[in-house]
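In order, the protein sequences belong to chains A and B. Everything in the first sequence is counted per my numbering, starting at 162 for the first residue and increasing by one. Everything in the second sequence is counted per my numbering, starting at 97 for the first residue and increasing by one.
No lab work stands behind these hints: they were computed from the structure. Each hint should be verified, as a subset may be incorrect.
Selected chain A positions facing chain B (in silico; Cβ < 7 angstroms) [to be verified]:
id, residue
1, ALA188
2, TYR190
3, HIS193
4, PRO203
5, PHE205
6, ILE208
7, ASP256
8, LEU258
9, THR262
10, GLY263
Between beta-carbon pairs, the in silico distance windows are [claimed, not checked]:
id, chain 1, residue 1, chain 2, residue 2, range
11, B, ILE159, A, ILE172, 34 to 44 angstroms
12, B, PRO104, A, LYS198, 41 to 51 angstroms
13, A, GLN163, B, GLU182, 16 to 26 angstroms
14, B, PRO104, A, GLY176, 40 to 50 angstroms
15, B, LEU169, A, ILE172, 39 to 49 angstroms
16, A, ILE172, B, PHE171, 39 to 49 angstroms
The C-beta atom is built at its ideal place from N, Cα and C for all residues, glycine as well.
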Amino acid sequence: QQPVQSPQAVILREGEDAVINCSSSKALYSVHWYRQKHGEAPVFLMILLKGGEQKGHEKISASFNEKKQQSSLYLTASQLSYSGTYFCGTEGSPDKLIFGTGTRLQVFP
Amino acid sequence: SAVISQKPSRDICQRGTSLTIQCQVDSQVTMMFWYRQQPGQSLTLIATANQGSEATYESGFVIDKFPISRPNLTFSTLTVSNMSPEDSSIYLCSVEALGGLGYGYTFGSGTRLTVV
Numbered sequence: 162q163q164p165v166q167s168p169q170a171v172i173l174r175e176g177e178d179a180v181i182n183c184s185s186s187k188a189l190y191s192v193h194w195y196r197q198k199h200g201e202a203p204v205f206l207m208i209l210l211k212g213g214e215q216k217g218h219e220k221i222s223a224s225f226n227e228k229k230q231q232s233s234l235y236l237t238a239s240q241l242s243y244s245g246t247y248f249c250g251t252e253g254s255p256d257k258l259i260f261g262t263g264t265r266l267q268v269f270p
Numbered sequence: 097s098a099v100i101s102q103k104p105s106r107d108i109c110q111r112g113t114s115l116t117i118q119c120q121v122d123s124q125v126t127m128m129f130w131y132r133q134q135p136g137q138s139l140t141l142i143a144t145a146n147q148g149s150e151a152t153y154e155s156g157f158v159i160d161k162f163p164i165s166r167p168n169l170t171f172s173t174l175t176v177s178n179m180s181p182e183d184s185s186i187y188l189c190s191v192e193a194l195g196g197l198g199y200g201y202t203f204g205s206g207t208r209l210t211v212v
């Protein structure tokens with residue numbers, strides 16, 4: 162079952178914040194987050210392995226609520242370079258990564 | 097992390113023909129994954145390829161249509177057989193990044209296939 166992401170699209174001005182949510186109907190082993198720019202392959206951002214875990218990467222951080230089978234990606238003080246499509250990826254078991262529906266993020270000056 | 101060379105980068109093919117996509121990894125990996133990304137859509141897992149055994153296909157994908165080879169720990173091919181316009185997509189191979197947990201998956205640059 163494909164994880165569902167919300168919102169489907171976000172438009173921001175530089176410096177604004179955004180939250181992208183990922184929800185799965187299955188129990189999760191881990192949650193990944195990727196960013197894909199147009200015409201390029203997805204690029205790994207971070208992985209969360211434990212329920213309730215939070216991780217940070219510069220101004221991008223994420224949380225994982227294992228019980229609710231949900232994860233959220235937090236983008237703070239957005240930059241133009243943050244534009245792209247964000248995908249969560251979930252592993253119900255190790256070594257089988259299923260991608261979410263995707264969220265298109267556009268950051269304008 | 098691992099570096100993947102994927103080719104061809106793009107191709108335009110006639111319906112009814114087949115195309116083989118190659119992925120070469122710069123280090124040995126146990127599993128390689130093949131994904132399809134239709135225009136404007138998310139990535140869909142086609143199959144997982146282990147060296148020395150038959151690939152494991154996801155629901156909706158069959159070996160006759162998408163045969164996969166995995167002759168060694170650094171190389172895999174995906175063939176798209178008897179193509180139709182509905183097969184027009186980007187096909188990507190992927191491996192778990194080296195370094196263990198916490199490094200995610202690395203992707204090849206993709207093959208953009210157009211079937212006419």
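State, for the Cβ atoms of B:PRO104 and A:LYS198, whether the hinted interval 41 to 51 angstroms holds or is violated. violated (21 angstroms)
Chain B contact restraint for A:HIS193 - C-beta distance below 7 angstroms: OK, holds: A:HIS193 within 7 angstroms of chain B, min 5 angstroms.
Agreement of hint A:GLY263 with chain B interface, Cβ distance less than 7 angstroms: A:GLY263 check passes; min Cβ-Cβ to chain B is 5 angstroms, inside 7 angstroms.
Would the hint on A:ILE208 be counted as holding, given a Cβ-Cβ threshold of 7 angstroms to chain B? With a minimum Cβ separation of about 5 angstroms from chain B (threshold 7 angstroms), the hint on A:ILE208 holds.
Hey, does the A:PHE205 contact hint survive, CB to chain B under 7 angstroms? holds (3 angstroms)
Using the C-beta atoms of B:PRO104 and A:GLY176, is the stated range 40 to 50 angstroms upheld? Given about 41 angstroms between the Cβ atoms, the range holds.
Hinted contact A:ALA188 with chain B - closest CB pair below 7 angstroms: violated (18 angstroms)
Just to be careful: measuring from the Cβ of A:THR262 to every Cβ in chain B, is the smallest value less than 7 angstroms? holds (6 angstroms)
Given the hint of 39 to 49 angstroms, check if A:ILE172 and B:PHE171 actually sit that far apart at their C-beta atoms. At roughly 42 angstroms between Cβ atoms, B:PHE171 and A:ILE172 fall inside 39 to 49 angstroms, so the hint holds.
Would the hint on A:ASP256 be counted as holding, given a Cβ-Cβ threshold of 7 angstroms to chain B? Interface hint status for A:ASP256: holds (6 angstroms vs cutoff 7 angstroms).
Between A:GLN163 and B:GLU182, is the Cβ distance one that fits in 16 to 26 angstroms? Hint holds: Cβ distance 19 angstroms, inside 16 to 26 angstroms.
Should the interface hint for A:LEU258 be scored as holding, given a Cβ-Cβ cut-off of 7 angstroms against chain B? Holds, about 6 angstroms.
In summary, the numbered hints that this structure violates are 1, 2, 12.
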